[in-house]
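Listed here are the chains, written in short residue letters.
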Amino acid sequence: MRLGRVIGKVWAERKTESLRGCRLLLVQPLSSEGRHEGGPVVAADPQNIAGPGDRVVYVTNTDAVQAFASADPPVNASIVELVDSID
Amino acid sequence: MIFARVVGTVVATQKDENLNGLKLLLCREADHSGSLLNAYHVAVDAVQAGEGDFVLISYGSSARMTDVTRRAPVDAVIMAIVDDVQVAGSPQG
Numbered sequence: 001m002r003l004g005r006v007i008g009k010v011w012a013e014r015k016t017e018s019l020r021g022c023r024l025l026l027v028q029p030l031s032s033e034g035r036h037e038g039g040p041v042v043a044a045d046p047q048n049i050a051g052p053g054d055r056v057v058y059v060t061n062t063d064a065v066q067a068f069a070s071a072d073p074p075v076n077a078s079i080v081e082l083v084d085s086i087d
Numbered sequence: 088m089i090f091a092r093v094v095g096t097v098v099a100t101q102k103d104e105n106l107n108g109l110k111l112l113l114c115r116e117a118d119h120s121g122s123l124l125n126a127y128h129v130a131v132d133a134v135q136a137g138e139g140d141f142v143l144i145s146y147g148s149s150a151r152m153t154d155v156t157r158r159a160p161v162d163a164v165i166m167a168i169v170d171d172v173q174v175a176g177s178p179q180g
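First to last, the sequence lines map onto chains A and B.
Counting from 1, position 18 in the first sequence corresponds to residue 18 in the numbering used here; the numbering is continuous, with no gaps.
The numbering used here runs 87 ahead of the 1-based position in the second sequence.
Derived by calculation from the structure, the hints in this document are not laboratory data.
Please note that the accuracy of each hint is not assured.
[What the hints assert, rightly or not] Taking beta-carbon pairs under 7 angstroms as the criterion, some of the chain A residues facing chain B (in silico): (1) Lys9; (2) Trp11; (3) Asn61; (4) Asn76.
[Claimed, not checked] Computed far set for chain A versus chain B, every beta-carbon distance over 10 angstroms: (5) Lys15; (6) Glu17; (7) Gly21; (8) Val41; (9) Gln47; (10) Asn48; (11) Ile49; (12) Val80; (13) Glu81; (14) Ser85.
We put the CB at the ideal spot given by N, CA and C, even for glycine.
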C-alpha cells in the first residue's frame, strides 16, 4: 500500500465495461514525510471516496484488481482509503 | 495505468492462437500532460482505439482482465480513451 495525494482527474468516456461509473484520478505518490516520490500515477477509485487535494492510500497491480467488489477490471492502481492524519 | 499515444498498428499473421482476432496497437508512452516519452509498448485494444488517440494502458497481469484478453498471453491492454486530464493547481506534499 502506498501513500499519495490526488492532484487531478482523468476523463475517459470510452473505457472497458467493468470500469463504467468508476472515477480515474491522478495521484502523486508521497513518502511518509510527504515528499514527492516519482511522477503521478493513474488510480481507479472503486468506492468513489476521493477528490482533488485528498491524501489517500492506494494499492497496485493484482491488489488493485482485488479492490473492486463486483468485477475484475484491468487496473494497476486503486484507491482504498482516505487518510485523516499520520502520526 | 500509463498514458500513451497510439502511433501505429502491428500486423502479425503467425501468432499464438489466443491472440486471434485481437488488434495490436503500437503506442508511445506519454506523461499526464501528453508529452511523449521515449518508450514504446505493443498493447491489445479493448476499446476500439485508433491511431492518434490518447489512451490509458494497463499492464502486467491486470491486462488480462478484459473480455477480449481474458485467456490471451498479453501484458498490455488499452482500456480507456482519454478525453481530458484536469490537474487541480500545483501538487503539494
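Going down the list of hints, with the structure as the test:
1. Restraint check, Lys9 (chain A) versus chain B: the minimum CB separation of about 5 angstroms is within 7 angstroms; hint holds.
2. Contact between Trp11 (chain A) and chain B, as hinted, is supported at the beta carbon level, the nearest pair being about 4 angstroms apart and thus within 7 angstroms.
3. Taking 7 angstroms as the C-beta cut-off, the interface hint given for Asn61 (chain A) holds, the closest approach to chain B being about 6 angstroms.
4. About 5 angstroms separates the beta-carbon of Asn76 (chain A) from the nearest beta-carbon of chain B, less than 7 angstroms, and the hint is met.
5. Consistency note on Lys15 (chain A): stated as away from chain B, yet its beta-carbon is not over 10 angstroms from all of that chain's, at 4 angstroms minimum.
6. Residue placement check: Glu17 (chain A) does not keep its beta carbon more than 10 angstroms from all beta carbons of chain B (closest about 7 angstroms).
7. With a closest Cβ-Cβ approach of about 13 angstroms to chain B, Gly21 (chain A) is found to remain outside the 10 angstroms limit, as its non-interface label requires.
8. The claim that Val41 (chain A) lies off the interface is violated: its Cβ sits roughly 7 angstroms from the closest Cβ of chain B, which falls inside the 10 angstroms cut-off.
9. With a least CB separation of 18 angstroms from chain B, Gln47 (chain A) remains clear of the 10 angstroms interface cut-off, as annotated.
10. Separation of Asn48 (chain A) from chain B is adequate, the least Cβ-Cβ distance of about 17 angstroms exceeding the 10 angstroms criterion.
11. Listed as outside the interface, Ile49 (chain A) is consistent with that label: its C-beta sits roughly 17 angstroms from the nearest C-beta of chain B, beyond the 10 angstroms cut-off.
12. No Cβ of chain B approaches the Cβ of Val80 (chain A) within 10 angstroms, the least distance being about 16 angstroms, so the stated non-interface status holds.
13. The claim that Glu81 (chain A) is not at the interface with chain B holds, since no C-beta of that chain comes within 10 angstroms of its own (minimum 18 angstroms).
14. The claim that Ser85 (chain A) lies off the interface holds: its Cβ sits roughly 15 angstroms from the closest Cβ of chain B, which is beyond the 10 angstroms cut-off.
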